[in-house]
Amino acid sequence: MAGFLLRRAAQSVAVLFAVATLTFFLLHLAPGDPLDAIASDARIPSDVRDSLRVRFGLDQPLAIQYARHLTGIVQGEFGYSTSQHRPVGDVMADVIPNTLLLMGAAMFLAFAGGIVLGALQGGRADSRFDRIASALTTTMATLPDFWLASGVSLVFAHKLRWLPIAGKVDPAMHMLLSPGAQILDVLRHMALPVFSLVVIAGSVVARYQRAALLDIWSEDYVRTALAAGVPWRRRLYHHALRNALLPIITIFGLSLPSLVGGAVFVETVFAWPGIGRLAVEGLLLRDYALVLGVVIVTSALVALGSLLADVLHGVADPRMRNG
Amino acid sequence: MNERNTLLAVENLRTSYRTTHGTARAVDNVSFNIDAGEILGIVGESGCGKTATALSVLRLIDPPGRIEAGSHLWFEGHDLLTLDEEAIRQVRGRRIAMVFQEPMTALNPVFTVGDQVAEVVRVHTSATRREAWARAVAMLDRVGIPEPAIRARSYPHQLSGGLRQRVLIAMALVMRPALLIADEPTTALDVTIQAQILELLQELQREMGMAVMLITHDLGVVAEVAQRVIVMYAGQVVEEAGVQDLFSSPRHPYTRGLLRAMPRARRAAERLQTIPGTVPSPTAWPAGCRFRDRCADAFEPCGNPPDLFDLGGGHRARCFLTQVTAATAPTEPSMPSRI
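Sequences listed follow chains A and B, in order. Heads up, the first sequence is in this note's numbering, so the first residue is 1 and it goes up one at a time. Heads up, the second sequence is in this note's numbering, so the first residue is 1001 and it goes up one at a time.
Just so you know, not all the hints are guaranteed correct.
Said to hold, decoys possible - Residues from chain B shown here face chain A by an in silico Cβ test under 7 Å; the list is partial:
hint	residue
1	Arg1092
2	Met1098
3	Leu1107
4	Gln1196
Stated by the list, open to error - Residues of chain A clear of chain B, computed beta-carbon distances all greater than 12 Å:
hint	residue
5	Leu26
6	Val54
7	Ile216
8	Thr250
9	Glu281
10	Pro318
As the list claims (entries may be wrong) - Label pairs and their computed distance ranges (CB to CB):
hint	chain 1	residue 1	chain 2	residue 2	range
11	B	Glu1147	A	Leu22	54 to 60 Å
12	A	Ala316	B	Gly1077	41 to 47 Å
13	B	Thr1082	A	Ile183	52 to 58 Å
14	B	Glu1147	A	Ile183	52 to 58 Å
15	B	Gly1077	A	Pro231	22 to 28 Å
16	A	Ala2	B	Arg1130	32 to 38 Å
17	A	Met320	B	Arg1130	55 to 61 Å
Calculated from the structure, these hints are not laboratory results. The beta-carbon is built from N, C-alpha and C at its ideal position, and this holds for glycine as well.
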């Protein structure tokens, strides 16, 4: 196990290096640079512009910039965000927890709900319940997230005014609230973006889970359990679901990066102070350091996600263990 | 009927599957009894309805299959077909247990074999986890698994086919059922292992006094372990007899064909005979005798469906030839009197 983890860690480092390199050169290949915004402003004297160039190291040859940036990252120094005017590390430290909160809640609910719904459907395939649920999940899984988010926002926040329309906290009142009420305030702000994300992601998970369970449901060992008098519920959750979780674990690992990558559209619709929205803004403003920082953190999570999926596979399936 | 202490009475069992080619009646009006403590062999080719019969007894027929109205399965004072879900669940694995053909796939790959035997105890009794485990280990020992306390912690993929079949037998017998249905329990195993498993089944049957419904296509297996035999063809019982009777004087041409197709040590040099043709499709059973097209002795009356004629001494056969004397047989056909 230790050898396996070490091998995977080495692979991950190589992948991260490749991703950082590729992203760096792609960013620099794109037209424009971080100072474009001020470069077009005639009021800024050219010597100020030049001194800024020097300050950000943009006057150096690309190879030097690349070497500097990479050394910085290895030392845990992500550079200076030209769009946020703060070190990238600070920016990420501020917004990543927001994204983790939103995406963590959404992913937990989507997987928990999707697995249970999909399993129940698979265990009663072609029943009325299954057909209705299938029609619903198929529809929901194909909805564009920005459309659903806008719709949900329009109905529940704008028309009915049940829930706040944007942000993470009430900007005026939050600081004055008691700790309990502050938590409630955040939960109320989370409700609509989380709902939009869960409806779509949960439907996708449910569809995979239903298919996986249906496969397992016709296995000989499920019939053995039936013939031995094992009740339906136990056959479903104990015998079938345990085997039908394997494909879902893979999907779980693959979707782990979105914990930090965020959901750009949903974050934008609800003005959630998350990293997805920030990264896209940074990209448009050629904020090299910020984009690279986000890409590297996300890639690290991709590697970690697939590693976690492999480990979970071993836990769930004794045939994958050595010995 | 109870003088022989009937354990299971299958009465007019009809099981059908809806397919795209029409309704297939895989089991068509099958009736037979199993007495307490006896081993009944059910033989026939693939597709003759023997497995569907076995699955029907435990109500394991999945849609689009169903057991038709008018069928009865009398067992311990109840018609199994009228029991609700919970009641039939309590019969499954506790009073009637089943061992399937494929030991490689019949065990759940993600649980230890000990857990799987113990689970049967736990779903039928109020035994604690520890008690159930102890009973499982004892049962694994009883079915001849070496070092049962250690083996119980193995996963199925760590065991050989023969050991897995022993585990499945342990699962089936841990509640000491009154009836064991064994569907081709040795077909998937090596020949040497087959003999061991059969021996084990016989031994456990004697010790526990349970009845066994042994389903097989192998007449050799039947000859070795069964006391009574039912021969099935095209969804029907075509012959029923004590095992001695069946082998010494088979009365149905299909049974005779099966016996001729069976290899024997004494006539090793002979060529084995096959029965020409194949079993007709269950969506379109022929009118009249269903074996007629493959039967060398078919004569005029075979256009009508023959009854299962009682030939005395517990011997029954579904053939008009049993009703005519040898002299008058195929050459001078006459409608036989029915019983």
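12 Å cut-off, C-beta based - Leu26/A kept clear of every residue in chain B: holds (44 Å)
Evaluation of the interface hint that places Met1098/B against chain A, nearest CB under 7 Å: At 4 Å from the nearest chain A Cβ, Met1098/B passes the 7 Å test, so the hint holds.
Cβ distance range 55 to 61 Å for Met320/A and Arg1130/B, holds or violated: Once the Cβ atoms are compared, 29 Å apart, the range 55 to 61 Å for Arg1130/B and Met320/A is violated.
Status of Pro318/A, Cβ more than 12 Å from any chain B Cβ: violated (4 Å)
Given as non-interface: Thr250/A, which should sit over 12 Å from chain B by C-beta: Answer for Thr250/A: holds, closest chain B Cβ roughly 16 Å.
Closest C-beta approach of Arg1092/B to chain A relative to 7 Å, hint status: holds (4 Å)
Assessment of proposed distance window 52 to 58 Å (beta carbons of Thr1082/B, Ile183/A): This hint holds: roughly 56 Å between Cβ atoms.
Cβ separation of Ala316/A and Gly1077/B, checked against the hinted range 41 to 47 Å: holds (44 Å)
Chain A contact restraint on Leu1107/B - CB to CB distance below 7 Å: holds (6 Å)
Cβ distance range 52 to 58 Å for Glu1147/B and Ile183/A, holds or violated: holds (56 Å)
Whether the CB-CB distance between Ala2/A and Arg1130/B falls inside 32 to 38 Å: holds (34 Å)
Range hint 54 to 60 Å (beta carbons of Glu1147/B and Leu22/A) holds or violated: Taking Cβ atoms as reference, Glu1147/B and Leu22/A lie about 56 Å apart, which means the hint holds.
Against the hints set out earlier in the document, violations occur for numbers 4, 7, 10 and 17.
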